[in-house]
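First residue of the sequence shown: 2, per the numbering used here; consecutive thereafter.
Everything labelled a hint here was simulated from the structure, so no lab data went into it.
A few of these clues could be false.
Using C-beta positions, here's what the derived DEER-type ranges look like [stated by the list, open to error]:
hint	residue 1	residue 2	range
1	Pro13	Val79	19 to 29 Å
2	Cys69	Glu12	20 to 30 Å
3	Ser122	Ile23	28 to 38 Å
4	Ser122	Ala55	34 to 44 Å
5	Val79	Phe10	39 to 49 Å
Here are the simulated lysine to aspartate or glutamate pairs, DMTMM-like style, with alpha carbons at most 20 Å apart [stated by the list, open to error]:
hint	residue 1	residue 2
6	Lys47	Glu12
7	Lys65	Glu75
8	Lys47	Glu80
9	Lys121	Glu80
10	Lys65	Asp87
11	Lys46	Glu80
12	Lys121	Glu103
13	Lys46	Glu75
14	Lys46	Glu3
15	Lys38	Glu75
16	Lys47	Glu103
17	Lys46	Glu12
18	Lys38	Glu3
19	Lys38	Glu103
20	Lys38	Glu74
21	Lys46	Asp87
22	Lys38	Glu80
23	Lys9	Glu25
24	Lys121	Glu75
25	Lys47	Glu112
26	Lys121	Asp87
27	Lys65	Glu103
28	Lys9	Asp22
29	Lys46	Glu25
30	Lys47	Asp87
Built from N, CA and C at the ideal position, the CB exists for glycine as well.
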Amino acid sequence: MELRTMAKFLEPNITIDEASDINEIINLSKIVTQFIKVLIVTMGKKGVITVTQASEPYNAMEEKLNVCYYAVEELNNVENVSGAGDCFASGYIHGVLSCFQESLCVSIGFEAAKSALMSKSTVPHSFQISGNISECFSNQTRFASQSIKKE
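Construct the entire structure; sequences and hints are all you get.
So, in C-alpha cells, the structure goes:
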C-alpha cells in the first residue's frame with residue numbers, strides 16, 4: 002500500500018497495528034496528514050477513503066481528522082483495470098477545480114474510473130457522466146472525527 006510507504010518515509014521508526022484496513026488507513030493518515038491537508042486512499046473495488054484535516058480550531062495539543070468512506074458500485078463485465086486510478090484522479094481533480102463539494106468530486110472520479118474499467122483501452126476516448134450525479138454518491142459513510150494527540 003502506497004500510504005504505508007509514505008508514512009514509513011515520514012516516520013521511519015513508527016510501528017503500526019495492521020489489525021484492519023480501516024484502522025491501518027486511519028493510523029497511517031495521522032502521520033501523512035501532518036504534511037498533506039487532503040489524503041485520498043483508493044482501495045479498488047472496496048471504494049475510497051478521504052482524510053482531511055478538520056477546519057475548526059482545536060487545542061494546540063490536539064488535531065482532528067475528518068475520515069470519510071465512499072463505497073463503489075459493483076461492476077460486471079470489467080474490460081480493463083489499467084488506467085482506472087488515473088481516471089479517478091482526473092475526475093476528482095476536475096471536481097476540485099470546479100469548486101464542487103468532496104462527495105461530488107469523488108462521484109465524478111468514480112464515474113471516470115468506471116468509464117476506464119468498461120473500456121478496452123487504458124483510458125477511454127470520452128467520458129459519460131450520468132445526468133443524475135447525486136445517485137453516484139449515495140454510498141457515503143462519514144466516520145466520527147478522530148482525535149490525534151501531537152507527540
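Hint by hint, here is what the structure shows:
Taking the beta carbon of each, Pro13 and Val79 are about 38 Å apart, not inside 19 to 29 Å as hinted. For Cys69 paired with Glu12, a C-beta distance near 24 Å keeps the hint of 20 to 30 Å intact. For Ser122 paired with Ile23, a C-beta distance near 34 Å keeps the hint of 28 to 38 Å intact. Between Ser122 and Ala55 the beta carbons are some 41 Å apart, a value that agrees with the proposed interval 34 to 44 Å.
In this structure, Val79 and Phe10 break the distance hint of 39 to 49 Å, their C-beta atoms being roughly 32 Å apart. At most 20 Å may separate the alpha-carbon atoms for a hinted pair to count; Lys47 and Glu12 exceed this at roughly 27 Å. Proximity of Lys65 to Glu75 is assessed by CA-CA distance (about 32 Å); at most 20 Å being required, the pair is judged violated. With a C-alpha separation of about 18 Å, the suggested pair Lys47 and Glu80 falls inside the 20 Å cut-off, and the hint holds.
Only pairs whose Cα atoms come within 20 Å are accepted, and Lys121 paired with Glu80 is accepted, the gap being roughly 6 Å. Restraint check for Lys65 and Asp87: not satisfied, since their Cα atoms lie roughly 29 Å apart, outside the 20 Å limit. A distance of roughly 14 Å separates the Cα atoms of Lys46 and Glu80; the hinted pair therefore holds under the 20 Å criterion. Between Lys121 and Glu103 the alpha-carbon distance is near 29 Å, which puts this suggested pair outside the 20 Å criterion.
As the CA atoms of Lys46 and Glu75 are separated by approximately 7 Å, the hinted pair is consistent with the 20 Å bound. Taking the CA atoms of Lys46 and Glu3, the gap is near 17 Å; set against the 20 Å cutoff, the hint holds. For the suggested pair Lys38 and Glu75, the alpha carbons sit about 30 Å apart, so the restraint of at most 20 Å is broken. At most 20 Å may separate the alpha-carbon atoms for a hinted pair to count; Lys47 and Glu103 meet this at roughly 18 Å.
As the CA atoms of Lys46 and Glu12 are separated by approximately 29 Å, the hinted pair breaks the 20 Å bound. Between Lys38 and Glu3 the CA atoms are separated by roughly 17 Å; this keeps the pair inside 20 Å, and the hint holds. Distance check on the hinted pair: Lys38 and Glu103 sit about 13 Å apart at the alpha-carbon level, within 20 Å; holds. Proximity of Lys38 to Glu74 is assessed by CA-CA distance (about 27 Å); at most 20 Å being required, the pair is judged violated.
Our distance criterion of 20 Å between C-alpha atoms is met by Lys46 and Asp87, whose separation comes to about 15 Å. Proximity of Lys38 to Glu80 is assessed by CA-CA distance (about 34 Å); at most 20 Å being required, the pair is judged violated. A threshold of 20 Å between alpha carbons decides the hint, and for Lys9 with Glu25 the separation of about 13 Å falls inside it, so the pair holds. Simply put, Lys121 and Glu75 have alpha-carbon atoms about 18 Å apart, close enough for the 20 Å limit, and the pair holds.
Of the pairs offered as hints, the one joining Lys47 and Glu112 holds, with about 15 Å between alpha carbons and a cut-off of 20 Å not exceeded. Taken as a hint, the Lys121 and Asp87 pair is honoured in the structure, with Cα atoms around 15 Å apart against an allowance of 20 Å. Between Lys65 and Glu103 the CA atoms are separated by roughly 18 Å; this keeps the pair inside 20 Å, and the hint holds. Of the pairs offered as hints, the one joining Lys9 and Asp22 holds, with about 17 Å between alpha carbons and a cut-off of 20 Å not exceeded.
This hinted pair checks out: Lys46 and Glu25 have alpha carbons roughly 18 Å apart, not beyond 20 Å. Our distance criterion of 20 Å between C-alpha atoms is met by Lys47 and Asp87, whose separation comes to about 17 Å.
In the structure shown, a violation is registered for the earlier hints numbered 1, 5, 6, 7, 10, 12, 15, 17, 20 and 22, in ascending order.
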